[in-house]
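Read top to bottom, the protein sequences are chains A and B. Count the first sequence with the numbering used here and you get residues 1 to 356, in order. Count the second sequence with the numbering used here and you get residues 1 to 1178, in order.
Treat the hints as calculated values from the structure; they're not laboratory data. Treat the hints with care, as some may be off.
[Unchecked claim] Straight-line distance between alpha carbons at most 30 Å, and here's what the computed DSSO-like set of lysine-lysine pairs gives:
1. A/Lys23 / A/Lys226
2. B/Lys325 / A/Lys148
3. B/Lys104 / A/Lys23
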Amino acid sequence: MASSYKDEDGHISVKKPENTAFKQQRLPAWQPVLTAGTVLPAFFIIGLIFIPIGIGLYVTSNNIKEFEIDYTGLDPSSPCFNCSQNFSWNSTKPCTCSIPFYLEQPYESNVFMYYGLSNFYQNHRRYVKSRDDSQLNGNEESLRKPSKECEPYARHDNRPIAPCGAIANSMFNDTLELFYSDPNGTKTQIPLTATGIAWWTDKHVKFRNPGGNNDNLTAAFQGTTKPINWRRPAYELDSDPENNGFINEDFIVWMRTAALPTFRKLYRIIQRRNTMVPTLPRGNYTLEVVYNYPVRSFDGRKRMIFSTISWMGGKNPFLGIAYITVGSVCFLLGVILLFIHHKYDNRNNNPDISSN
Amino acid sequence: MLRWIRQQLGFDPPHQSDTRTVYVANRFPQHGHYIPQRFADNRIISSKYTVWNFVPKNLFEQFRRIANFYFLIIFLVQLMIDTPTSPITSGLPLFFVITVTAIKQGYEDWLRHKADNEVNGAPVFVVRSGSLVKTKSKNIRVGDIVRVAKDETFPADLVLLSSDRADGTCHITTASLDGETNLKTHFSVPETSVCQSVSQLEALQAVVECQQPEADLYRFVGRITVTQHGEEIVRPLGPENLLLRGARLKNTKEIFGVAVYTGMESKMALNYKCKSQKRSAVEKSMNTFLIIYLVILLFEAILSTILKYAWQAEEKWDEPFYNQKTEQEKNSSPILKFISDFLAFLVLYNFIIPISLYVTVEMQKFLGSFFIGWDLDLYHEESDQKAQVNTSDLNEELGQVEYVFTDKTGTLTENEMQFRECSINGIKYREVNGKLIPEGMTEDSPDSSTAHLMGEELLFLKAVSLCHTVQISYDQPDCLVGDPFSHANGFSSNNMEYYASSPDEKALVEATKRIGVAFTGTSGDIVEIKSFGKFEKYKLLHVLEFDPNRRRMSVILQTPSGGKVLFTKGAESAILPFATSGEIEKTRLHVDEFALKGLRTLVVACRHFTPEEYIDVDKRLTAARTALQQREEKLQEAFSYIERDLQLLGATGVEDKLQDKVQETIEALRLAGIKVWVLTGDKHETAISVSLSCGHFHRTMNILELLQQRSDNECAEQLRRLARRIKEDHVIQHGLVVDGASLSLALREHEKLFMEVCKNCSAVLCCRMAPLQKAKVVRLLKTSPEKPITLAIGDGANDVSMIQEAHVGIGIMGKEGRQAVRNSDYAIARFKFLAKLLLVHGHFYYIRIATLVQYFFYKNVCFITPQFLYQFFCLFSQQTLYDSVYLTLYNICFTSLPILVYSLFEQLVHPHVLQSKPALYRDISKNSLLSFGTFLYWTLLGFCHAFIFFFGSYILMGEDTTLMGNGQILRANRQLMFGNWTFGTLVFTVMVITVTLKLALETHFWTWMNHFVTWGSIAFYFIFSLFYGGIIWPFLHTQDMYFVFVQLLSSGSAWFAIIIIVITCLFPDAMKKVMYRHLKPTSTQKSQSLSASQTQALSCVESLCCYQHGQSGCSRLAHLLEQMTVQCKASVNNCHASSRSNRWGGRQQQETIIMSSDEPLPSLGVKSMDYSSDCYSP
């Protein structure tokens, strides 16, 4: 602690504490005092910055167009009513229904197409952990011997399930197609892009097919079985080899479990091809649904959403509102503080503390 | 006899007998039946552990702490059941804490082992089989004859057999035992003292019988039976025959002694006792808060469990098609499942009780306490003593003191006695320049200077110079060279120094020497004095030692003319009642007069024995001294038989100087709202006059007296009268004087009434107090309904009980040994340092620890509440919101350092302001920063912030898509998904930033270290997260966090969300602070703004650049910063100035404690300051 210290007489005192700023607790320091005077500018600045930002965010958010169709088919008048009622896991014949709708506004830029589910608890603990990241990463050993976290979706008929686990097993498998009805009556299918909807790192690093970039996926999956609820095995998810097996983007998107029970997931992107023509012009459309996914058992809802995006993401007026609110409250408080500052400033300068 | 037989028969084990029998040199009786008693060996074991038992024993000790045990249980639960978080999350921190503590304790124990080995392996010389054998200290057995040479310490408790002196005496100092530096003479019995050589010792046949080992250093009862020429001679043995382990031989070439108590049974070892743990008020409230949090935890866990089962009642939530249970889950018993669910929730929320709180608090206390020892203002130049911290557990208690109990002698006064006046035969004298001048005479009046001293005067002087226990040392004892006390303690002239355990005695003997009757030495039982050039030899027959109950000491001497005379000296109350002749009344008046002047008084008397009387006296004394049982009682009886029918000779008055700045210190304490009680053993007149002179009592004070009460009723009546007077007269201040006897009456029956009176008095003085009574007064106050925090300060062994009793015990490193210092929690060199210790250090420590505790609870509420809220959105499935690594590192890495640095360096107000305005101390009194209100505020704040984090993120994130950027920063036209881990990471990021900034908002003293850890923590979190999310970790089971953080940050609106949530959390809090400061400012805050306007404040950026010189790594960084920012260039000068101004505060204020704050603080440009090169020099 105390090292020897030489004082003026040259006498060495072992015990004398060192006279350093650190030991004497007088390190140079900034000593801010939170007074109206010091916080006032901060409040005004916050107010002045936040309000414009808020307005900007709000306007941006309002410019985003969103369109939503609930196609669950609970209502008898709904086109999908039959499909939802007659659902059975064993039916081999897919049930299809088509929902016509009218877009009142043209969608100018790229349009993002989502499916949305409600009351679906992807965040249930048993569900969240029911996956084997090692298997999804292409590990051969895990392919044959899925982790026990995947139980009870690890093995079926004595063969390992690939991909194993509850998440994979319950993958969303409705097929959505979009048709534009020209005013003159012709029905044209709108091309939907199925790639580029997952995180780049997920698709290229985290998810790998077994057997490396083996062209023959069927062979790589040899000895495994498809998840129970799936209609076809993983290696037949898509014809494009870059979008097949574990690196199928629909699959990857599904595997990123949602935080809340009501969620939407990106399904397709409608690319804008011609700068002159809106991506989705105003008019009549038909949504053709291959109705595979049952939600009635847990009071779920299925939706299809179109949305454009802005620089700040999807439609969310709350961010803008929050900025405007906080900004104006700050500004208001700044005014109150200014008042207080003026009124009590004099008193503050004459502290009389000896009296108490 | 009966015991002996039973021992022989093996009925009761030998060590249970009352006495131990030691055969000198282990020569056991030859005749058969002897079974040797078993004794401990001479190994000293101060270490707690061995290599083998360290791990189990240390673990056991650590898990006895309730907090560690709690975390262990949580960890075990995690291991046993299927829990949401991996056992690592609580196992790792627990392992860390346990390991750090174990390493610390192991290291300390290793040091103890090393010290033990050194002691046990020290070379000693033992007489064995006729020759001197060199062996190791640990090999000494009971009964061995040990040779100790000059300046060596005794390796065991020895009974002195012989020394190189003919009379068999030796001198020792017991400085390392009780701190008394005076020389003490120890004796051997005549029969053994002749055995001065090994061969003679070889022939010695002796048995020592003594009591079993006990801790009292000053008690030893035994006898030695020496067999000489076939006949047995029995001699008594007392403490004066015993050489204690740890004491040091002085002035004597060598001695031989027989070991009676060895190793752990020696008195020194028995005095190693762990001090009773004192707990501070902060710690107590911390534990209360912990219990409240435990209740919150249980409540949350129970609520979650119930809700979980409510949800599960419906099949569609319990087991929807997409989320089937395993067979095992389906089949397990519902009760077991219920319990395991409850435990799982408990584990999920257990972080609300932070494990790191204990570690941080301990580190803060340990590291923080260094500042007391480092403080130059608490360093006493003259005695080269700095403040000493014995327990760091009580640092913050220094800021909570409400009552100070102080000893007078040596604490308020210097304990540097100076003889001033005396009264001889009813005439008062003063000492002027080595002459006694009778009252009324002046120094230069011819008759006084030449007048020969009359018979009574001479007798008085002789009595004073003979009746004492002063030692003389002719050569300078080498161990005291350089000891600053050597000048104070020993009076040196002609190479002759007096050593006395009582400074009064030394002052008196020195005074008589100056006047002409010099005590020149003792040899054997001959005491020699030089009376006006003439040597006189007295034979010392008996010494009736001083004891605090009798309050007097006596010697019986044979005068050169052959008469036997008793001289006695003591407190006036102990002698006057027994005096039968002499000027009793006049002397009493004079004694009172002396006392009024603040002098310490002693009365001297004598008694001449007729030869018959002496024979009777001698017989009684010898009988009492050789008694094995109840020796003390018998001695008391004999003493009181002897010390009566005294002839009063006179009285002495010795002045004890007041210490420096006592008055200012007491005044400062009073302004700080601390009540000061003086507890002293002096008589009440002395005490009152000292009280008045040191400012404890004011002249304007109405002094109430509760003195010399004889009966309960009288005492009660007087108390009621006093209470009435106080009520009638509440305008002026009252001071109360109580004496010991009245106090014990008052405490016995009328405690309440007494307390009532005491509380209304601004100053209380208790005189004539016995040590235990001091402790009793402290306990009385401590246990009164208000439960005030008490502090006791004293310097002597008689203050130890009160120092240990009080919440905080402070020892003064004075002259009366170091016993008080060793038993204290803090030790300082002077009373005046108390002001800085309490007002500055106490204030700092309290604020630091209070904020530390509150902040810890706050940040863990923030941490765990979102987790709780998330359960409402995931069917109470115990899904964690944050990743396991984040759960583990939150308290260890991300938020630990800023609060630690804060709690080490925070200064709410500048130290000099604190010291010049003692009233600021009232702001923190009564544990105000940890009151239930503030606790509630912090907890609610934590909950509010947690709600904002969670629901803010919830709303802004919407349905997982709205927050996600289109990723234009990274890649055009992508809109990507956020999952549950991204959501958790968003909440966590917001939380880390908010919680760190909240502390920044609390920080008022920003050194470069605060900047470093605050911004560093946030930066570290970002860097760590990028790193952690950037790799597929091969050993991790899941890769949940892979690239989550990067994706989060690549979204522009996530940044907007983080900013808005952080601001929303913090600005109401800032607003509240500002409002309170302006509408209801505390005096601390007022003086903050005052000092801010007057001190040369550093700006934020400047404080970043002000690195301390000498911290090489950092200063290099500072240079770098300097080059980068032009601003820093200019700021170096400011650093200088600021550092200097701080220094000014410390030093200057110590010199002048400004009493009123109206006095403007001196401006800061003081040029004349001495300024050393400690500051930043580029």
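Hint by hint, here is what the structure shows:
no.: 1; hint: A/Lys23 / A/Lys226; result: violated (70 Å)
no.: 2; hint: B/Lys325 / A/Lys148; result: holds (13 Å)
no.: 3; hint: B/Lys104 / A/Lys23; result: holds (24 Å)
Checked against the numbered hints listed earlier, the structure breaks hint 1 alone; every other hint is satisfied.
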